[in-house]
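Colleague: Use the sequences and the hints to build the structure in full.
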Amino acid sequence: MTAVLCRHFGLKHIEIAEDIASDTFLKASEHWAINGIPENPIAWLYAVAKNKTKDYIKNLSVFETKIKNELPISIQNEHDFEFDNQIISDSQLAMIFVVCSPVNSDESQICLALQILCGFNVEEIANAFLTKSETIKKRLQRARTALRNDNFQIKKLSEIEIKSRLDVVLKTLYLLFSEGYFSKTDDKQIRTALCSEATRLTLLLTENPLTNTPQTNALLALMCFQSSRLEARTNDKGEAVLFDEQDENLWDKSLIERGNYYLINATDGNEISKYHLEAGIAYWHATPTDQNKWKHILQLYNQLILIEYSPITALNRTFAFAKVYGHKSAIPEAEKLNLVESNYYHELLGYLYADTAVPKAIEHYEQAIKLTKSKTEKQTLKREIEQLRLSL
Amino acid sequence: MKEFALIFRLKDISDFKPTPEQMQERMNWLAGIASQNKLVDKGNTLLPFEGSAKTVKLNNVVTDGAYTEIKEFISGYIVVKADTIDEAVEMAKANPIFDQVAGSIEVREVLKRD
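In order, the protein sequence lines correspond to chains W and P. The numbers in our numbering rise by one with no breaks, and the one at position 341 of the first sequence is 341. The numbers in our numbering rise by one with no breaks, and the one at position 96 of the second sequence is 96.
Quick caveat, the hints were computed from the structure, so don't treat them as lab data. All of these numbers come straight from a predicted model, not from anything done at the bench. Treat the hints with care, as some may be off.
Chain P stretches covered by chain W per the calculated footprint, using a threshold of three residues with CB under 8 Å from any CB of chain W [stated by the list, open to error]: (1) 25-32; (2) 50-63.
Simulated restraints, written as ranges between beta carbons of each label pair [what the hints assert, rightly or not]: (3) P/Pro20 to W/Glu335: 25 to 31 Å; (4) W/Thr289 to P/Ser52: 57 to 63 Å; (5) W/Ser22 to P/Arg113: 56 to 62 Å; (6) P/Arg113 to W/Asp106: 42 to 48 Å; (7) P/Asp99 to W/Leu390: 50 to 56 Å; (8) P/Asp83 to W/Ser133: 43 to 49 Å; (9) W/Glu335 to P/Lys112: 28 to 34 Å; (10) P/Glu87 to W/Phe182: 52 to 58 Å; (11) P/Ser52 to W/Leu130: 52 to 58 Å; (12) W/Asn292 to P/Asp99: 44 to 50 Å; (13) P/Gln100 to W/Glu245: 23 to 29 Å; (14) W/Leu390 to P/Glu87: 48 to 54 Å; (15) W/Glu366 to P/Pro18: 39 to 45 Å.
Looking from chain W toward chain P, a few residues come up when the C-beta cut is under 10 Å (computed) [said to hold, decoys possible]: (16) Ala47; (17) Ile190; (18) Ala193; (19) Lys295; (20) Asn302; (21) Gln303; (22) Tyr325; (23) Asn338; (24) Val340.
Ideal Cβ positions, reconstructed from N, Cα and C, are used throughout, including at glycine.
Modeller: And the structure:
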């Protein structure tokens, strides 16, 4: 709703649009509690928002003409202020393109997306990032100022603008999803919410011909495959369950099928993006039967690391290497990475040394406990060390 | 860190097309360097075949094929970064080419033209 209103007011006045949207929902909660939910709740909400906007414009005109004698906002004729499904989805799409702006850092973009596109409040965002609300508030303020100064036009996105910005948009949605999937918080609800919001927004991109590219489909396939395991990868206590120990019955088969569908859509054209490769890896993870699975996964990681270096990709690639060529030959590969500041690096080495040199494995696991901030991870690692001590 | 070009040479033109297994080993080697964030340029393969390779010499003498008067021909190159040339040499030593076929790798420090 904020997105549609912004289309009307222009991005400079996003606060007005947000105020009207939240007023509308407030009115809904009062009215619906007494009179019950109307037959068409969406139409109801937009009708109220429309009236509130008319009131606002009227008040504003009175105020501006009487006191200031000038109208700062060029408010168009109210007749073209309509809400229909097309406008709603177009406006949401445009809003995604506004929020995912390269003028802001990755982290700020994610915060903005959570607030403006997903309706999270400051506290929820702070919880997701394990940061103080004050920090998030400041970050959001700075990001909004940057957006305003950037003066990006929300009204009509041209084909050229969409094409030039789609990469940034996909990256932000990818990071938003990862923030949920690999979240710093142990709160399962927040993690699931982040993942499903990112998926919803990416799905929106596949509904418009201009943004329904092979890359978008590859990203959506990746999200579907990863989401299929959300239930299985943490236990009731919120502790991480390692891939090998996951109960496959908890994997969401329908999401895996959706993933297959979008992955096939993603093969239109010749382009292989990092999303294609990551979706390919996730596909093999969700397909446990093939005996060459890890070979395929290693090949995909090899290609991925050549497109873009990241420590996590390097570590995951080495894990796949160990699965194909054995732990022993993977140890020198792993040690060459030399990511001594990363808890995952020590976890990987702990895992690789566990069969052959238990004291070394314990040493690395202890190092990992020192480096990780996650409580549940510390617990999982401590259990691992206890088991290893028993085998000594 | 300095940059070094690793220049691959092969002896036999029939070795130019690797088997899938050889290809996999070469990819593992290349990705291993990339995993250390030491790959500057994944380079290119240089085709040695007739029609894809010619050598131009003095007095407009043009010969077909890759330059082979030193018995080996260049098959490709990559650029890596390393603190010392010895570190780059270690990377080259680990290349599976030596187990697979006859050839050599020349390691040369890059001096940038700018």
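Colleague: Give a verdict on every hint.
Modeller: Checked hints:
As drawn, the segment 25-32 of chain P meets chain W at 5 residues by the rule of a beta-carbon pair under 8 Å; at three or more, the given contact holds. Requiring three or more residues with a Cβ within less than 8 Å of a Cβ of chain W, the coverage given for the segment 50-63 of chain P is violated, as only 0 such residues are present. Hint check: P/Pro20 to W/Glu335, Cβ distance near 28 Å, so the stated range 25 to 31 Å holds. Separation of W/Thr289 from P/Ser52 is about 42 Å and departs from the stated range, judged on CB atoms against 57 to 63 Å.
Evaluation of the 56 to 62 Å hint for W/Ser22 and P/Arg113 yields a pass: the beta carbon distance comes to about 59 Å. Roughly 34 Å separates the CB atoms of P/Arg113 and W/Asp106, a value that falls outside the hinted 42 to 48 Å. The supplied range of 50 to 56 Å is broken by P/Asp99 and W/Leu390, whose beta-carbon atoms lie about 41 Å from each other. A hinted range of 43 to 49 Å holds for the C-beta pair P/Asp83 and W/Ser133, which are about 45 Å apart.
At about 31 Å, the beta-carbon gap between W/Glu335 and P/Lys112 stays in the expected band of 28 to 34 Å. Evaluation of the 52 to 58 Å hint for P/Glu87 and W/Phe182 yields a failure: the beta carbon distance comes to about 32 Å. One distance hint, 52 to 58 Å for the beta-carbon pair P/Ser52 and W/Leu130, holds here, with the actual separation near 56 Å. For W/Asn292 and P/Asp99, the Cβ-Cβ distance of about 23 Å falls outside the hinted range of 44 to 50 Å, so the restraint is violated.
Roughly 39 Å separates the CB atoms of P/Gln100 and W/Glu245, a value that falls outside the hinted 23 to 29 Å. In this structure, W/Leu390 and P/Glu87 break the distance hint of 48 to 54 Å, their C-beta atoms being roughly 41 Å apart. The beta-carbon spacing between W/Glu366 and P/Pro18, approximately 43 Å, falls within the hinted interval of 39 to 45 Å. The interface hint given for W/Ala47 is broken, as the beta carbon of that residue sits about 56 Å from the closest beta carbon of chain P, more than 10 Å.
The criterion of a C-beta within 10 Å of any C-beta in chain P is not met by W/Ile190, whose closest approach is roughly 32 Å, and the hint is violated. Annotation: interface hint on W/Ala193 violated; nearest CB of chain P at approximately 33 Å, more than 10 Å. Taken as an interface hint, W/Lys295 checks out: its beta carbon lies about 8 Å from the nearest beta carbon of chain P, inside 10 Å. With a least beta-carbon distance of about 4 Å to chain P, the hint placing W/Asn302 at the interface is held under the 10 Å criterion.
The closest approach between the C-beta of W/Gln303 and any C-beta of chain P is roughly 8 Å, which is under the 10 Å cut-off, so the hint is satisfied. Taking 10 Å as the C-beta contact cut-off toward chain P, the hint placing W/Tyr325 at the interface holds, the least distance being around 8 Å. Using the Cβ-Cβ criterion of 10 Å, the hint placing W/Asn338 at the interface with chain P is satisfied: the shortest such distance is roughly 7 Å. For W/Val340, the interface hint is violated, since its Cβ never comes within 10 Å of a Cβ in chain P; the closest pair sits about 13 Å apart.
Hints 2, 4, 6, 7, 10, 12, 13, 14, 16, 17, 18, 24, counting from the list given before, are not met by this structure.
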